[in-house]
Every structure is written in structure tokens, then in C-alpha cells.
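Novice: Sequence:
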Amino acid sequence: YTTDNEVFELLSAFADELATIYIVSKATIVNGTAPEGAYAEEDSAVAVKVEPADGKKCDRCWAYFTDCEATEDGHICPRCKKIVESL
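Per the working numbering: the sequence shown = residues 2 to 88.
Be aware that a few hints might be false.
What the hints assert, rightly or not - The calculated DSSO-like cross-link candidates involving lysine-lysine, where the alpha carbons are at most 30 Å apart (straight line), are:
1) K57 <-> K83
2) K27 <-> K57
3) K50 <-> K27
I should point out that these hints are in silico values taken from the structure, not numbers from a laboratory. None of the values given here were measured: they were computed from a predicted structure.
Just need the whole structure built from these sequences, with the hints factored in.
Specialist: Here it is as C-alpha cells:
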């Protein structure tokens, strides 16, 4: 969350990579005031709210996705499935 348009534009440029950078299942950028319970440092223009991820855990990358596919060994996300099939 940020109310600083410059910070919002910077984070938006990396929107597709933020989950990987932060090592989380999903990252969403919001241009607005942070909700109750969000963490923010006093001098920072960014606030973060952490919540449990929805979906199933991919047994390969350990991230949670709502579109994981069940396999005989567990679950696999579409990204990992594409990688495994290319091997």
C-alpha cells in the first residue's frame, strides 16, 4: 500500500516479479491508504499487510496457488508443470 504516486509507479513496473522478489505466493500493489493491521515504518511511503495465501501448496516451489493441479504425488502449479514437462 502506498499513497505516493512515484512509489506506486516504481512498484507497478515490477508487479509481475514482486511475488518472486519477496518470496511469497502473491503480491498486490494498492495505490491507497493501508488498512488496519498493516505494517508500516514511520518514514516509509509503503505499508504491508500479510495474509495467509489461498489455494494449495505446490510441492515443487512451495508457493500457494488456487490453480494447482492434483498429481499422484501431491500438487503442482502451472509454472512448475511447464518446467517439469520441458525436462
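Novice: Which earlier hints turn out false for this structure, listed by number in ascending order?
Specialist: none
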